[in-house]
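Quick mapping for you: the protein sequence lines, in order, are chains V and P.
Residue numbering for the first sequence is 477 to 898, as defined by our numbering.
Residue numbering for the second sequence is 477 to 898, as defined by our numbering.
No wet-lab data here; the hints were simulated from the structure.
Some hints here could point you the wrong way.
It does not matter which identical chain is used: a pair holds within one copy or between any two.
Using 27 Å as the maximum straight-line C-alpha spacing, the simulated DSS-like pairs for lysine-lysine come out as follows [as the list claims (entries may be wrong)]:
{"#": "1", "residue 1": "K840", "residue 2": "K778"}
{"#": "2", "residue 1": "K844", "residue 2": "K734"}
{"#": "3", "residue 1": "K844", "residue 2": "K538"}
{"#": "4", "residue 1": "K734", "residue 2": "K879"}
{"#": "5", "residue 1": "K734", "residue 2": "K840"}
{"#": "6", "residue 1": "K538", "residue 2": "K527"}
{"#": "7", "residue 1": "K778", "residue 2": "K674"}
{"#": "8", "residue 1": "K840", "residue 2": "K879"}
{"#": "9", "residue 1": "K674", "residue 2": "K527"}
{"#": "10", "residue 1": "K844", "residue 2": "K786"}
{"#": "11", "residue 1": "K701", "residue 2": "K783"}
{"#": "12", "residue 1": "K844", "residue 2": "K527"}
{"#": "13", "residue 1": "K580", "residue 2": "K879"}
{"#": "14", "residue 1": "K772", "residue 2": "K840"}
{"#": "15", "residue 1": "K879", "residue 2": "K844"}
2 protein chains.
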Amino acid sequence: TVSPNEDSDPTRMLLQLCVDGYYVAPGQVHIDLFERGMCCNYGPLGMELKKNLLEQWWCSVKRSRTQVFGISTLTTSDDKSGEGNAILDVERLNQLLDAEELNKTQLIQRIQMLLRPSTSLRTNLLQGALEQYSSWLELVNRRLPFGLAETGLSFQSLDGSGSRVEATYASLVWFCSPRSSSQWLDHWTRLRLQWWRKFALAPSEFSSRDVPEDELQEGASRGVKIVYSFPWGQETLENLWSRGDYELLQTHGGVRAKIQCRDGRKLVVPHVISVASNMDRSMMAYMHNSLQLLKKHDGKQKLYQRKVLKLHPVLAPVKVALDMGRGATLELRQVCEGLLQEFLDAGISAWPGSIDTTSSSVEKLNTKYDEMGVLFTMVIDENTLESGLLQVRSRDTTLREFKHISEVTGFLLQYIRAAHNM
Amino acid sequence: TVSPNEDSDPTRMLLQLCVDGYYVAPGQVHIDLFERGMCCNYGPLGMELKKNLLEQWWCSVKRSRTQVFGISTLTTSDDKSGEGNAILDVERLNQLLDAEELNKTQLIQRIQMLLRPSTSLRTNLLQGALEQYSSWLELVNRRLPFGLAETGLSFQSLDGSGSRVEATYASLVWFCSPRSSSQWLDHWTRLRLQWWRKFALAPSEFSSRDVPEDELQEGASRGVKIVYSFPWGQETLENLWSRGDYELLQTHGGVRAKIQCRDGRKLVVPHVISVASNMDRSMMAYMHNSLQLLKKHDGKQKLYQRKVLKLHPVLAPVKVALDMGRGATLELRQVCEGLLQEFLDAGISAWPGSIDTTSSSVEKLNTKYDEMGVLFTMVIDENTLESGLLQVRSRDTTLREFKHISEVTGFLLQYIRAAHNM
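Work the whole structure out from these sequences, hints included.
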């Protein structure tokens, strides 16, 4: 269901494309969440795109420094650190509300008892890293700098209502000497902005800007945002903060001896640099960034718009779609299945277009796959059985060429490997 | 802090090893959670092990069938499908409890209003897939069978208390013709048990058993558990259920037309096979399964126990540890850093042993790395600078050999690749 004013509203068009291309699950609630940079139900392509993004983030952060360690902390915690939410057993609460024998004071007491051992959901990934900090000091022999990296869900209150929404974050918490914290903030800003732009079609839409002094978080001496320019304005993809040592000290009860590290010959309480990226909004940014609209004439000289989702080859959720030409026979189907299996065994994300036997024209198929951002489309037909050749079409060049069936897996692997080094 | 009776209690010893080897965060609460097959705070090695396990699960499930699609659904939901829990704004609730002007009836009304739009946490991954089912029917052109796969957190009530705990699940929901549902259950059981055993040192500790008829879940016609034999008894790693069509119909309001698929020439409501693996408990199982205790005499003929965590090469979180020999100079350190970077760039998970400059004996280092399950240990020393040779020790053979520094990355890559095809 494409909205009538789709052409005039680029945002609506992009969101519709996300649904039509199996990125986001149908339903207004999911489209709304996605538009706001929150986690929603993702379809097969959305799920792969997020996986690819998270993998690239890990590669970049872990490979950039040997002193970055991955951790995984709980999304729920039992302490009352004041996340502002509590997970309650509804049945028990309702039992209390229904208990006629309780007077108001007793009811309040019982509800407070119910609240006491309650679990709350985290609202950021920073706190977990600060808590874990002292556990992994031994790892680095108390030498600075080092970092703790984590990806996972964080939960926010929506518009101050009782409702909670979730978002996927990638977080690096970097512990460094107080002397060099400002340089480290610059270092990570540079590295991170490079990362964002590496996968962009229009890199200049990704930019960084300093947080003005009056907007700084408590305790932070400097802040940088990496933002993306959406049609409706700039949105923050990533926050980098130079946070000082206040929160680290707080988390460890102010016991300096427990958290001190060696800085040359001195012992210091490290300063904390936090880097937190919203990976759901980053999906939205890359999809917007990679969407190309091309005006095109069809055979009857009618003007129409070709939409191509030119996601970076490393991010593209589907590297190759495999379809059958007309007159699909059992033999043809078996060849298709075999080649699909070959792709999957080689770790190439492949789309089983051949599952769908409704006869679409090749032109329609290409339009569909371009909108999904599929890198290559291959069509197996009767000629393939004779000559071993199949048609390979590239999303980016729209050129078609014939390749031998025995060569296509190698061709794709090489193409993907080259894209990694771009 | 090793407990005095560690030798006599294999469970305690294993758990202590998990902490000492940077798998599980220190602290009794995390050890307890881990022991019970729940998610806890994981250290760098635990986090990598879980990542490796999830990746292998995806590879196996996606590659086994071209009709398996990955999805990602929300962990929170706004509908009141009766998960039994609600996430509440604590501040608002406390405001109500403190409001002296409210009488009991008013208080109850206000609390009920607070509950109305509330969010709840999922208790399984099945429901999300059942809800998403109709959205992705078009994908497969309503042809059976197909599957929806997802990994993520699910939240359980702990011992009926208000506390919630989380566990990481890998879930496959398979939609198939009612005629063949029993064969599909057998198919997936076979495939899954193969998968569990593939990475095991003692495969027979992983086994499957049919769920007795009187223990079947409502609506299920058959059930199979894949269990692991821990020292304290068998624990379930994975549940496979043949669930019929009851829940699918329920989820879609009983509207058969919306959910029917083609089965040959007929239209049918598919039967559902669910496969759900607890990936936290699977970590515990593999760690237990791969721990080898070897009696050994030291130079003074004192008997001691060597502990080796022989995790499958594909699962082992650290493939290589790199250390410096005595008399570490700046030059040696630079060579180390360079080689570490080479490993990371090649995607080899490497342990920067060289960060720690406290002079440990080689024997102590080997003991440590064996307990961490590190596949290879390499030591760079002054001789390396002259001859280019470094010592490579294998965890599994305990043999040491010299290799040229220019060859070690290729050697590791080849070893890991071979392990993938074992």
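Each hint, compared with the structure:
no. : hint           : verdict
1   : K840 with K778 : within (16 Å within a copy, 77 Å between copies)
2   : K844 with K734 : between (58 Å within a copy, 24 Å between copies)
3   : K844 with K538 : between (36 Å within a copy, 23 Å between copies)
4   : K734 with K879 : neither (64 Å within a copy, 41 Å between copies)
5   : K734 with K840 : between (65 Å within a copy, 26 Å between copies)
6   : K538 with K527 : both (16 Å within a copy, 14 Å between copies)
7   : K778 with K674 : neither (37 Å within a copy, 58 Å between copies)
8   : K840 with K879 : within (22 Å within a copy, 56 Å between copies)
9   : K674 with K527 : both (17 Å within a copy, 25 Å between copies)
10  : K844 with K786 : within (13 Å within a copy, 48 Å between copies)
11  : K701 with K783 : neither (31 Å within a copy, 48 Å between copies)
12  : K844 with K527 : within (22 Å within a copy, 33 Å between copies)
13  : K580 with K879 : neither (79 Å within a copy, 78 Å between copies)
14  : K772 with K840 : within (14 Å within a copy, 70 Å between copies)
15  : K879 with K844 : within (22 Å within a copy, 52 Å between copies)
When each numbered hint is compared with the structure, violations occur for hints 4, 7, 11 and 13.
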